[in-house]
Every structure is written in C-alpha cells, then in structure tokens.
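Participant: Single-letter residue listing:
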Amino acid sequence: MTISVPDTVFASRPRHAPLQARPCASALMIADEAGSAALLSLAKLAPELMPRSTILICSGSDATAAIRDLQPARLVEIGARTELPAALRGLLAEARMGLQAYIAGAEDLIDQAVAVLQTAGLPPGAIQTERRGSPARRMQCVHCKAITEGVTSDPYCCPGCSRSLYVRDHFSRRLGAYQGVCVDAETPGIVPEAQEISQ
Amino acid sequence: MTQVLRLTQKQPVSPRITRFRFEHPEGRSLPVFSGGAHVMVTMRDGEVLRRNAYSLISDPQDSSGYEIAVQREDQGRGGSNFLHEKAQPGMMLQIGAPVNLFGLNLTARKHLMIAGGVGITPFLSQLHEVVRLHAPFELHLAIRSRNELPALAIPDAAQVHVSDEGSRMNLTEILSTQPLGTHLYVCGSARMIEGVLTEASALGWPKDALHSEEFLAPAPGVPFEVNCARSDKTLTVGAHQSLLEALEAAGIDTPWLCRGGACGQCETDILACDGEIEHHDHWLDPAEHCSKIMPCVSRFRGALLTIDR
Numbered sequence: 001m002t003i004s005v006p007d008t009v010f011a012s013r014p015r016h017a018p019l020q021a022r023p024c025a026s027a028l029m030i031a032d033e034a035g036s037a038a039l040l041s042l043a044k045l046a047p048e049l050m051p052r053s054t055i056l057i058c059s060g061s062d063a064t065a066a067i068r069d070l071q072p073a074r075l076v077e078i079g080a081r082t083e084l085p086a087a088l089r090g091l092l093a094e095a096r097m098g099l100q101a102y103i104a105g106a107e108d109l110i111d112q113a114v115a116v117l118q119t120a121g122l123p124p125g126a127i128q129t130e131r132r133g134s135p136a137r138r139m140q141c142v143h144c145k146a147i148t149e150g151v152t153s154d155p156y157c158c159p160g161c162s163r164s165l166y167v168r169d170h171f172s173r174r175l176g177a178y179q180g181v182c183v184d185a186e187t188p189g190i191v192p193e194a195q196e197i198s199q
Numbered sequence: 001m002t003q004v005l006r007l008t009q010k011q012p013v014s015p016r017i018t019r020f021r022f023e024h025p026e027g028r029s030l031p032v033f034s035g036g037a038h039v040m041v042t043m044r045d046g047e048v049l050r051r052n053a054y055s056l057i058s059d060p061q062d063s064s065g066y067e068i069a070v071q072r073e074d075q076g077r078g079g080s081n082f083l084h085e086k087a088q089p090g091m092m093l094q095i096g097a098p099v100n101l102f103g104l105n106l107t108a109r110k111h112l113m114i115a116g117g118v119g120i121t122p123f124l125s126q127l128h129e130v131v132r133l134h135a136p137f138e139l140h141l142a143i144r145s146r147n148e149l150p151a152l153a154i155p156d157a158a159q160v161h162v163s164d165e166g167s168r169m170n171l172t173e174i175l176s177t178q179p180l181g182t183h184l185y186v187c188g189s190a191r192m193i194e195g196v197l198t199e200a201s202a203l204g205w206p207k208d209a210l211h212s213e214e215f216l217a218p219a220p221g222v223p224f225e226v227n228c229a230r231s232d233k234t235l236t237v238g239a240h241q242s243l244l245e246a247l248e249a250a251g252i253d254t255p256w257l258c259r260g261g262a263c264g265q266c267e268t269d270i271l272a273c274d275g276e277i278e279h280h281d282h283w284l285d286p287a288e289h290c291s292k293i294m295p296c297v298s299r300f301r302g303a304l305l306t307i308d309r
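If you read the protein sequences in the order shown, they are chains A and B. Numbering of the first sequence is given in my numbering, commencing with residue 1 and proceeding in unit increments. Numbering of the second sequence is given in my numbering, commencing with residue 1 and proceeding in unit increments.
Okay, chain A solo, but in the shape it has when bound (with noise of 0.2 Å):
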C-alpha cells in the first residue's frame, strides 16, 4: 500500500527547491564549492540582483573565481564551516527588511544557515535554498543534546553518548538540525546495519 501525504500537510523535512529570482532591496546568498554552481545558474537568469548581493562562499574553493566574476556587491569567503554562524551573524547585523536569501549547497549547510538568518528575525517567505552535493545532516542527539555535524549513515554513533542514533526526519527548524532518537531502546544492543543516507 502506498500512503500519499497531502502537499497541505505539515513536513517536517525541509523543502529544497531551485533558487528563483525574486524581487528585493538586498540579497544575501550563500553557498559551498557544491552549491556555487547554484549561484551561477541564479545569476545568469537575473544579473540584476548582483550589485545588490553579498556572497558568502563556505570552504573556498576553485569555484570562487567564478563567483568573483560575478562582480557581487560584496564577496566573503570563510575557510571552515564552523566559521559560518559568526560570518552570517556578523552579515545580518545591519540587514533590513527586504533582504532574501539564497542558500545553496550540502544539507547540512543549508540547514546551519536557515537556522542562523531565522534567528536573526529573517522570515521563513524569504529565505530560498537549493540543495547541491552532500546528503549530510546535521542531527542532535535527543537524549545528550550534541549536535554532530556531517551524519551520513544510519544510524550512527553519538560522539556525546555513544548511543546508536536513528535518522529520523523530524527537523527542528529552531536548532537547524534533524533529531536522532536512540535506535535500540525496545532492543537493546540490536543495533541494525549501518546504512548510507541517500537523501
């Protein structure tokens, strides 16, 4: 039997979808090596957005110099991912309404970024994100709080309990992060094979 979930139903996965020009007063756009080829594509189908954009390019890249072509207003380059909270907090300080986002990269970087603009006060309605690459998520572990970044299989090991973790798909917008419930509680120590995560 195949259940079919009503588009009007809550999800809670986030939605990626291609990133669309929409009209702004400023853009912020944020991608990985990845996710740069997303900014490309944006910027040829509205050139008119770059003297109004700020570029933030995550772990730079060969990519980079194509981004640099695009003449935005303003380009930053971070080297790690652990930098990007700061760098996009640093951005955001002086954003007025009117600003749009677009995010474009690994899963794990999207969901870091949405996290950090919704905390800043940006409203979910401007925020886009297509993902590029990396299946990755960021999860927390429910039962010790630590957020391991980069999960790729399923379940894992939680570096903060050591408990195998379940890759569930409840996604806490707040924290930027999917939810790992400890796999084996009515079981314990039947811990299924690890599997890839292929979405």
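Among the hints, a few may not be true.
[Stated by the list, open to error] Distance ranges between label pairs, derived from CB positions:
hint	chain 1	residue 1	chain 2	residue 2	range
1	A	G79	B	R109	28 to 34 Å
2	A	E149	B	D208	27 to 33 Å
3	A	S134	B	S63	52 to 58 Å
4	A	A73	B	T198	50 to 56 Å
5	A	S172	B	S63	37 to 43 Å
6	A	V142	B	S167	52 to 58 Å
These aren't lab readings, by the way, just hints derived from the structure by calculation. All C-beta atoms in this analysis are idealised placements derived from N, C-alpha and C, irrespective of residue type, glycine included.
Based on the hints, put chain B in the right spot on chain A.
Facilitator: What follows is chain B alone, placed relative to chain A:
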C-alpha cells in the same frame, strides 16, 4: 455565539466617526479577546436585518465592555447609518463573539502598523497588547485632513500623515528601514492596502510578514438567479442583497464568520455555471475561481448558476 448587549455610550469622535460602547445588561463579564479582533453587530432596522463587522478598539483584557468606532458611510448599505442615526444608549443589540482575522504575530521582533483613516480601529486594541508585551512598534496613520483625526486613544508615538498639510507618508522609506523580523500590518481602503502590499513585495518583504485587513461590504449589482442543488430551491438575489443574505432569507443554512470575504467560512462549491462569477473576496485562490464562490460578497451574471447549498 452571539449575546444581546446594551449600548451604553455613543460619542462622536470626529465628523464622521462615532464611538459605541456595549455592556452586558446585567453587568456580567464579556469574553476577553485578542488585539485586532472584530465583532459582528446585528441590527434590526425595520424589516431589514443588517449585519456589519467592526473592529474592537477597547483593551482586549477588559471584560467590562466592548467598544467599536464606526464611520458613517452615506453611500453604504445602511448599517453605519443605522448606528449613527437610530441606535441610542439603552438600545439592545446582538453582538457576536469576538473573532480575530488580524492578530499580531507574536514571533515578530517589531510591529509596523499602517492605517488609513478609520482603518486605525484594529490597531487600537492591538496597541494594548504591544504595550503589555513591551514589543517595539511603529504606527503610521494617514488621514486627509486634520479634523478627520478621531479623538481616540492614539499613542503619542504615532506618526500622523495629513495629506492636506502635505505630510504624506513616505512608504518606500518606511519599508526600507525596518529591522529583520518586523511584521507589517495594514488596514485601510482597498486601494491603500493594495498599494502598501505591492510596494512591500517589490522591496523584498515576504508574504509571511505581511498582514492586512479590509472589511468588504457586499457590492450591489444586477439581480440574479441561483439554483441551490442540495435544498432544491431557486432563489433570486436582489440588487442590494448578497447571495449569503438571500440564502439566509430562504432558510438555507450557510456557515459564516466575517461576512466580508476574508475568513473563508461561507466558501461554497459551484456545481454548474453558465456565465461569469464576480469574485469580490480576499479568500479564494484564482485557481479556484471556476469551482467556488464566496456568497458573502461575490455575485453572478449570466444564464445559470447552481451551487452546492
């Protein structure tokens, strides 16, 4: 839910606006409400039953009475004239329970309120909440001339724009200088609401931060016939009658809440249509225009209309 309340105060607050206060005849507490809520006032005007929605302007936490401010609309269907001319202190009126289609979004970092004329009314109850929450707010009121400024509890911080005096609102500047997390609320004429929302969208404000309220009076039009399939009746809707009023007059039960095309309660399926529906509501998606009608404000022009009522 409806209760019969006594009109206890009637006080002009501007040349066209009058404030009315209603209390329970035995002094009982009324249900509290939330800022931006409205009540449906039912008026028995001779043979005619009039129902108009008015925003509550009193403190939402004050259960001792409900206050509304009504602008006299000489070109209107008669409800506001009835209140201005015929309603007198001591009179009993049916007042519906408060309903809110224009509540504050409590996740907002700041509330930006834009009112045109009598559109100030829903903000007056919201301001009590904003002050209680210590939430930042900015209130702009646009009026045509200074004497239109109603003698109501408008805060000192409000920015009043008087077009006669040339102090028009600079909408672009207002919308360009708001911190992240600001929610915009606009209440006024259809034209003003459209103008503000269009400008905000063009400046990048997302829909989820935009809120508006306009009470539509059912537009008059050409009389038309309607077949009600479930009740097996054919009705004629008069020129100054709404389809909803015609259904009610024929004893056909139709749910309703706002009677102004905003809440969605009276949404009705169209079973057959040979002609043109005149959609006046704010509820239906254009994609639904062939399959649904809002009987509170919308009309029909053509050969045949069959609805699921």
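Participant: Sort out which numbered hints this structure fails and list those numbers smallest first.
Facilitator: 4
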